[in-house]
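There are 2 protein chains.
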Amino acid sequence: MPITLDQLNTASLPEAVQLLDGLYEHSPWIAEKALLKRPFASLAALKHAMVTVLNEAGTAPQLALIRAHPELAGKAMVSKSLTAESSNEQNKAGLTDCTPQEFAHIQQLNAEYNAKFDFPFILAVRGPRGQGLPKADIIATFERRLNNPVDFERAECLRNIHRIAEIRLNDKFGFEPTLGNAVWDWHESLAQHTDPGYAELGQLTVTYLTEAHRACAAQLQQQMLDCGFDEVHIDAVGNVVGIYHGSDEGGFPAGQPQGETLAGEQRRRAGEKTLLTGSHYDTVRNGGKYDGRLGIYVPMACVQELHRAGQRLPFAIEVVGFAEEEGQRYKATFLGSGALTGHFNPAWLDQQDADGITMRDAMQHAGLPASLEAINALKRDPAKYLGFVEVHIEQGPVLNELDIPLGIVTSINASVRYLGEMVGMACHAGTTPMDRRRDAACAVAELALYAEKRAQQDGNSVATIGMLQVPNGSINVVPGHCRFSLDLRAPSDAQRDALNSDVLAELTALCERRGVRHTLDETMRASAAPSAPEWQARWASAVNSLGVPVHQLPSGAGHDAMKLHEVMPQAMLFVRGLNSGISHNPLESSTSDDIELSVRAFSQLLQQLANPNS
Amino acid sequence: MPITLDQLNTASLPEAVQLLDGLYEHSPWIAEKALLKRPFASLAALKHAMVTVLNEAGTAPQLALIRAHPELAGKAMVSKSLTAESSNEQNKAGLTDCTPQEFAHIQQLNAEYNAKFDFPFILAVRGPRGQGLPKADIIATFERRLNNPVDFERAECLRNIHRIAEIRLNDKFGFEPTLGNAVWDWHESLAQHTDPGYAELGQLTVTYLTEAHRACAAQLQQQMLDCGFDEVHIDAVGNVVGIYHGSDEGGFPAGQPQGETLAGEQRRRAGEKTLLTGSHYDTVRNGGKYDGRLGIYVPMACVQELHRAGQRLPFAIEVVGFAEEEGQRYKATFLGSGALTGHFNPAWLDQQDADGITMRDAMQHAGLPASLEAINALKRDPAKYLGFVEVHIEQGPVLNELDIPLGIVTSINASVRYLGEMVGMACHAGTTPMDRRRDAACAVAELALYAEKRAQQDGNSVATIGMLQVPNGSINVVPGHCRFSLDLRAPSDAQRDALNSDVLAELTALCERRGVRHTLDETMRASAAPSAPEWQARWASAVNSLGVPVHQLPSGAGHDAMKLHEVMPQAMLFVRGLNSGISHNPLESSTSDDIELSVRAFSQLLQQLANPNS
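As given, the protein sequences belong to chains A and B, one line each in that order.
If you're matching positions, the first sequence starts at 1024 in our numbering and goes up one per residue.
If you're matching positions, the second sequence starts at 1024 in our numbering and goes up one per residue.
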């Protein structure tokens, strides 16, 4: 008999503690302390309360909790002394059904992990709808996590424990993240298409206008139709565009290319607008399943719900699956969203991929018109739009570390990148006194530490020296040359410029002090795309209504919203990424619970937009 | 009519200024100011006084002096407006006889140099005995110096101006560094032998027991005989040993292997001792002409002088050309000097070179006995020796930068070397806030700057991170790994150990602070070889007697004296290296004037040792 939230909120404390028995392994105190915060507006709010209790408890109780867990496929499993919950979870992951080799391998990993960290390896092995994670994924994750620093790994274990508790709580409440599961399945299904050569490796790679890319477009088109979109088409650059009309049946579907004669033209009525949303469906090489695609599927799930309920909003919803954002096959980053803002670069048509195929030929092969006229006609009239929103997996560690499922983007950061070389004088490491040196590596070291400190001052700026090398360095030669890269980002152009100017001034000063010189070539510069305050507020209100804490953060990575920002107000919603927010990597991951929350937040945004005064 | 030092010391100031006219291009004020320090004990003292005047004059007069010089093969030469001295010098370097291509190339270099430094390129183009430098060497040096920092290049021009002034001064005084020239010629002659494959490249490479190496040994043997050594032989490891008997004709020649039956055995008398000296004649690949060899030839020149004068000292002099110090063909560093201290490693005999030839085979091919018995018999009895002295080119920038020709070594530094890796966590450079990072490169940067600062505190310790690399670094990825080397040296074991312990403690602390970990493997550790105070004092007295400033400095590089240090007192004399003291490089260079001073210093040491109370 599932518990209800009302039942939990009104029970006596001992009864309520009993209701939540078994969520955290051998540790009822967590639920008990969280229950002091009753009533809870949602399961999400209850989960967050328990997360907060554990985070505030300090290291000793956290370690005790971790150590209360059984080893994965460990001795307790063999001796049948697992808790009922653990046994069920490990069984579903197929871990009670290992081959002797797999079992021996996991025992070895357990031994190494325990020796290094002094606590057992914890992994939430139940995926969406109680399915187990594939054994191979479990072992790969185990091996990867063995390399982590101990404090990081302690936190990672706690995050997995919260995920385990979330799944157990869902079971107790008979709650299924149905929408999240559906969106999860869509991602799984779309991820079956991958470019030639990658399927064999089990890798996901979908680059512009390949067979796999066109299969994705066709699948998205069909899924949009199935969801109940009124009009769906693939445009002249391969974007998949779905429109769900507004309640005013005469509403002009803004997404229809301007140049086309429309059957619906007569339905046009002045003042009727469209909300634009979407993200990209191409991927980097060996990428993740959620980068981009989550921003197409989340609004699709919302439209499906509206369609099922027979509901029309006082505005149209236009969802675009952008064909190209990653710039992998051709150096044409943001091609898909750029076409909507009139920024398609005509020179791109003649650009060749690694096999010598021009983009024009690739377009023609894909059945696209490959004409600039058709592409230019994709440009949208901003006056017809309310704005642009985009859901995206965070691709960073912030939400994951804070144990918060959703985040509201304040700005897509401005950035500037350089490649540089420091030139001092190579000399004998034994015979050259410290005050006679012009050490190129120490000069770059000083730059790195200054940039690190300076970015830290801003709180939300970042500075990175990602490439660093003394070419042909020898153990006994003071470096005469040192190559480096420099990547600076900040939420506004002004903040980026101030950071940039301080870092470059210090570079000049330290070169002067050290008697070295440098070269520095700017390789990239992008303006910030601050989120429109009113759209940020809408996201905040939507997230808050779910009982989920509202957290705001800048986006350090670029997104399609940067392009739309040039012509209309925009704001993004981030969904927590697991595994420290790893992205552009097969380990990129989310949960169906988090996805469910993002669908509900998007639905809330739509409803609040439809009823601003409710 | 040459000037005499007495004439200069007693002339009126205007007369003396006139006598020194033309030493420094269009700048009589330098000699004028130096003359206030009269009387001068030696030409070397006068030279140093002028160096001091210019060094203390400040930047503006220094720049004016540099700019008073003509361009190399420049317009002034073409228009015949050079000073007589410059014209003579450029003519001797063959620069007035350039091909049109060479002339155009030099003009291009002049233009680039002037544009970068805003003063003309100055190079002392007259070699020993007024010979010009080869045009190819001039052009190679010009190209290399174009890469120098501006303040360094200003100092380098001044050093060359001092060298030009020295040559002009020698001309005025009719002074020829005869001993220096002879030793210079010996080096040139010995440098004609080079290993197969290097002659074609114009490179000097002499590795253990090659044909070139054996030719060097034969040549050294003949040169020793020509100098008047009483006994000369090549020993069981290829060392060339020459003995010049002491005045006591019955003196036992200590250098004779202990096991051998000697014709001179009956001459043995208790208490008669030998001064041991020498250095190595093998080279690194593409090495310099002076590294090692200077320490054989300088005492040979002294013995030649003694022999010519028919003088015997109250002790024997044993000069050893060590066969192997660099460990190039076989990993058997210090084989030659180690044989004298009983440190020949028997396993070396079976070591193979790159062509699979064992050392045993190489020895047999060279006509050496290749028996451990014969090698072990080379071990010297320390009781029979006064001590060991070694002359060596500095291989560092200290004397060159101070404009001082000779230096007395206080200690051969203790050292320790490591190879390490810093391990943090790779993450997205855009999306990972500064306070969420575990940047492996920033951690190494902190180590580098700490080690630099800590070594600087000691004054004469050195710390170097010569190898530094973020493997597979990307511009937009925070480094998860960073590889580095660490080389720490100090004049005593205790000082090295304190430096080492502080640097490792900081490494541990910064890893803790930054949540990163590291690996560190010790690859080498060598004890310090402090010079014997009484032998340092003898060198200081000898140098001082020449009117040359006494400068003491540690040796950062290892030398044969390190091995002899294990069994007897030792002290080294360094000779300034040109081109910032570059070594293990064809640009390693000295002057016949500096070499002359080192021969005279060594002779002084011998005379003072012979007459300690004079």
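Simulated from the structure, these hints should not be mistaken for lab results.
Keep in mind that the hints are not guaranteed to be accurate.
Just so you know, same-sequence chains aren't split out, so a pair can sit in one copy or run between any two.
As a list, the in silico SDA-like pairs of lysine to any residue whose alpha-carbon atoms are at most 25 Å apart [said to hold, decoys possible]:
hint	residue 1	residue 2
1	Lys1407	Asn1495
2	Lys1060	Gln1245
3	Lys1139	Ala1532
4	Lys1139	Gly1443
5	Lys1312	Asp1458
6	Lys1476	Ala1064
7	Lys1407	Gly1482
8	Lys1407	Ile1380
9	Lys1312	Pro1456
Status of each hint after checking the structure:
In the homo-oligomer, the alpha carbons of Lys1407 and Asn1495 never lie at most 25 Å apart, since the shortest distance is 59 Å inside one protomer and 47 Å across protomers. In this assembly of identical chains, the alpha carbons of Lys1060 and Gln1245 never lie at most 25 Å apart, being 46 Å within a copy and 99 Å across copies at closest. Proximity of Lys1139 to Ala1532 under the C-alpha cut-off of 25 Å is restricted to the inter-copy arrangement: shortest distance 19 Å between copies versus 44 Å within a copy. In this assembly of identical chains, the alpha carbons of Lys1139 and Gly1443 lie at most 25 Å apart only when taken from different copies (20 Å versus 39 Å within one copy).
Proximity of Lys1312 and Asp1458 under a CA criterion of 25 Å is satisfied in neither setting, with 54 Å inside one chain copy and 28 Å between copies. In the homo-oligomer, the alpha carbons of Lys1476 and Ala1064 never lie at most 25 Å apart, since the shortest distance is 41 Å inside one protomer and 58 Å across protomers. In this assembly of identical chains, the alpha carbons of Lys1407 and Gly1482 never lie at most 25 Å apart, being 37 Å within a copy and 73 Å across copies at closest. Taking CA atoms no more than 25 Å apart as the test, Lys1407 paired with Ile1380 passes in neither setting, with 37 Å inside one copy and 84 Å between copies.
When the C-alpha separation of Lys1312 and Pro1456 is checked against a cutoff of 25 Å, the pair qualifies only between copies, where the shortest distance is 24 Å, while the shortest distance within a copy is 55 Å.
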